[in-house]
Amino acid sequence: MIRIAAVGDIHMAPETRGTLRPAFETLPELADVLLLAGDLTRHGTPQEARVVADEIRDLGVPVVAVLGNHDHHDDRPEEVAAVLEDAGAQVLEGRGVVVRCGDARVGVAGTKGFGGGFVGRCAGEFGEPLMKEFVRYSRRCADGLRTSLERLAEEECDVRIALTHYSPVPETLAGEPLEIYPFLGSYLLAEAVDTAGADLAVHGHAHAGTENGMTNGGVRVRNVAQPVIGRAFHIYHVHERQPVPAAAPGGRTL
Amino acid sequence: MNHHGQERTPGAPAAGSGAGVNLEYRVAHLRERIAAGPLGELGVRLEVRGEAVLLTGTVPSAHCRDDICDLVGGELAGHQVHCDIVVADATTPDHAEDLA
Numbered sequence: 001m002i003r004i005a006a007v008g009d010i011h012m013a014p015e016t017r018g019t020l021r022p023a024f025e026t027l028p029e030l031a032d033v034l035l036l037a038g039d040l041t042r043h044g045t046p047q048e049a050r051v052v053a054d055e056i057r058d059l060g061v062p063v064v065a066v067l068g069n070h071d072h073h074d075d076r077p078e079e080v081a082a083v084l085e086d087a088g089a090q091v092l093e094g095r096g097v098v099v100r101c102g103d104a105r106v107g108v109a110g111t112k113g114f115g116g117g118f119v120g121r122c123a124g125e126f127g128e129p130l131m132k133e134f135v136r137y138s139r140r141c142a143d144g145l146r147t148s149l150e151r152l153a154e155e156e157c158d159v160r161i162a163l164t165h166y167s168p169v170p171e172t173l174a175g176e177p178l179e180i181y182p183f184l185g186s187y188l189l190a191e192a193v194d195t196a197g198a199d200l201a202v203h204g205h206a207h208a209g210t211e212n213g214m215t216n217g218g219v220r221v222r223n224v225a226q227p228v229i230g231r232a233f234h235i236y237h238v239h240e241r242q243p244v245p246a247a248a249p250g251g252r253t254l
Numbered sequence: 001m002n003h004h005g006q007e008r009t010p011g012a013p014a015a016g017s018g019a020g021v022n023l024e025y026r027v028a029h030l031r032e033r034i035a036a037g038p039l040g041e042l043g044v045r046l047e048v049r050g051e052a053v054l055l056t057g058t059v060p061s062a063h064c065r066d067d068i069c070d071l072v073g074g075e076l077a078g079h080q081v082h083c084d085i086v087v088a089d090a091t092t093p094d095h096a097e098d099l100a
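These protein sequence lines map, in sequence, to chains Z and P. Every letter in the first sequence is one number past the one before it in my numbering, and letter 167, counting from 1, is 167. Every letter in the second sequence is one number past the one before it in my numbering, and letter 17, counting from 1, is 17.
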């Protein structure tokens with residue numbers, strides 16, 4: 001059994017320095033790995049990233065993160081990622097990482113992801129260049145997630161987790177206004193998860209959403225935005241088992 | 001739509017001329033300011049309820065909550081502003097979910 005701790009949307013800034021550290025210091029007793037689902041800073045400045053870095057440095061468990069839209073706001077996501085990596089975190093974008101949890105190998109594939117909406121209510125790659133680029137960017141993020149999960153399958157990980165900031169399913173957005181769903185996630189992420197297979201999908205971004213959901217392919221989804229879970233992090237016990245296989249054409253699970 | 005030829009009550013504002021004072025638009029612009037300005041807070045909801053405005057959501061600190069409530073209260077002086085914004089709970093969870 002793997003113990004996964006996860007939280008997103010902690011939105012740290014100098015004024016919140018040290019607020020999460022006391023809870024994070026209990027992690028070695030409670031969890032094998034900490035996942036951070038993006039929006040770790042308020043404005044995406046390196047100064048704010050250093051506050052996050054101090055919260056997660058030398059925690060005694062591996063830390064794996066993706067960035068969120070807030071972490072891009074200052075147009076320096078690479079610097080934010082570098083500050084977090086200096087503190088020991090693995091910051092994923094279109095790639096995966098394998099972490100050792102006892103005897104088990106846990107693969108985490110990550111991307112920030114992007115919006116676009118959900119099946120039947122989504123943006124299309126058509127019209128103005130800006131609109132086409134919006135959809136293409138979302139597709140690139142989802143493709144990166146799929147290929148990362150596929151590589152982790154080739155590496156025969158015991159458990160595979162998809163880590164995103166944007167949501168792969170509408171279910172975990174329940175509580176948010178329907179009108180903004182296309183800005184909160186994309187079905188392309190869920191399609192990537194179901195195509196490559198995973199044991200759990202974790203995301204943030206939707207503060208007024210709901211914690212529990214599931215993809216059409218049967219992969220459990222958890223919205224770990226801190227306002228949703230109401231704690232410094234949540235813990236999920238994931239059992240080593242056969243990953244959910246890829247969906248057959250037509251959506252039927254083999 | 002236009003209203004050429006229609007009589008209007010002397011002193012009453014012409015339809016469509018109140019963009020600067022319309023509460024809905026003022027709240028909409030204020031919401032954008034809270035999201036895209038220095039506060040950078042997208043998780044706060046501002047809703048017009050009659051002549052009052054309700055603020056809800058979760059923010060990372062009491063400082064952030066107070067900044068938002070002070071800003072809205074100042075900008076919408078004369079309107080009642082209810083600040084129901086809460087600060088995120090940073091305590092350790094007391095249970096785990098088993099995904100068997």
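Don't read these hints as lab results, they were simulated from the structure. A virtual CB, placed ideally from N, CA and C, is assigned to each residue, including glycine. Please note: incorrect hints may appear among the correct ones.
[What the hints assert, rightly or not] Pair by pair, the computed Cβ-Cβ distance ranges are:
#  : chain 1 : residue 1 : chain 2 : residue 2 : range
1  : P       : H95       : Z       : P14       : 26 to 36 Å
2  : Z       : M214      : P       : N22       : 21 to 31 Å
3  : Z       : G124      : P       : E75       : 33 to 43 Å
4  : P       : L23       : Z       : G120      : 11 to 21 Å
5  : P       : H82       : Z       : E15       : 16 to 26 Å
6  : P       : Y25       : Z       : P28       : 46 to 56 Å
7  : P       : D89       : Z       : E240      : 30 to 40 Å
8  : Z       : E154      : P       : L23       : 17 to 27 Å
9  : P       : R45       : Z       : R140      : 25 to 35 Å
10 : P       : D89       : Z       : G120      : 45 to 55 Å
Results for each hint:
One distance hint, 26 to 36 Å for the beta-carbon pair H95(P) and P14(Z), holds here, with the actual separation near 32 Å. Checked against the given bound of 21 to 31 Å, the beta carbons of M214(Z) and N22(P), roughly 43 Å apart, lie outside it. Distance hint check: the CB atoms of G124(Z) and E75(P) are about 38 Å apart, consistent with the given range 33 to 43 Å. Take L23(P) and G120(Z): their Cβ atoms lie about 35 Å apart, and the range 11 to 21 Å is violated.
Taking 16 to 26 Å as the suggested C-beta distance range, the pair H82(P) and E15(Z) conforms, at roughly 24 Å. For Y25(P) paired with P28(Z), a C-beta distance near 52 Å keeps the hint of 46 to 56 Å intact. Distance hint check for D89(P) and E240(Z): the Cβ-Cβ separation is about 31 Å, which falls inside the suggested range of 30 to 40 Å. Between E154(Z) and L23(P), the C-beta spacing of about 58 Å breaks the proposed range 17 to 27 Å.
For R45(P) paired with R140(Z), a C-beta distance near 31 Å keeps the hint of 25 to 35 Å intact. Taking the beta carbon of each, D89(P) and G120(Z) are about 36 Å apart, not inside 45 to 55 Å as hinted.
The earlier numbered hints that this structure contradicts are 2, 4, 8, 10.
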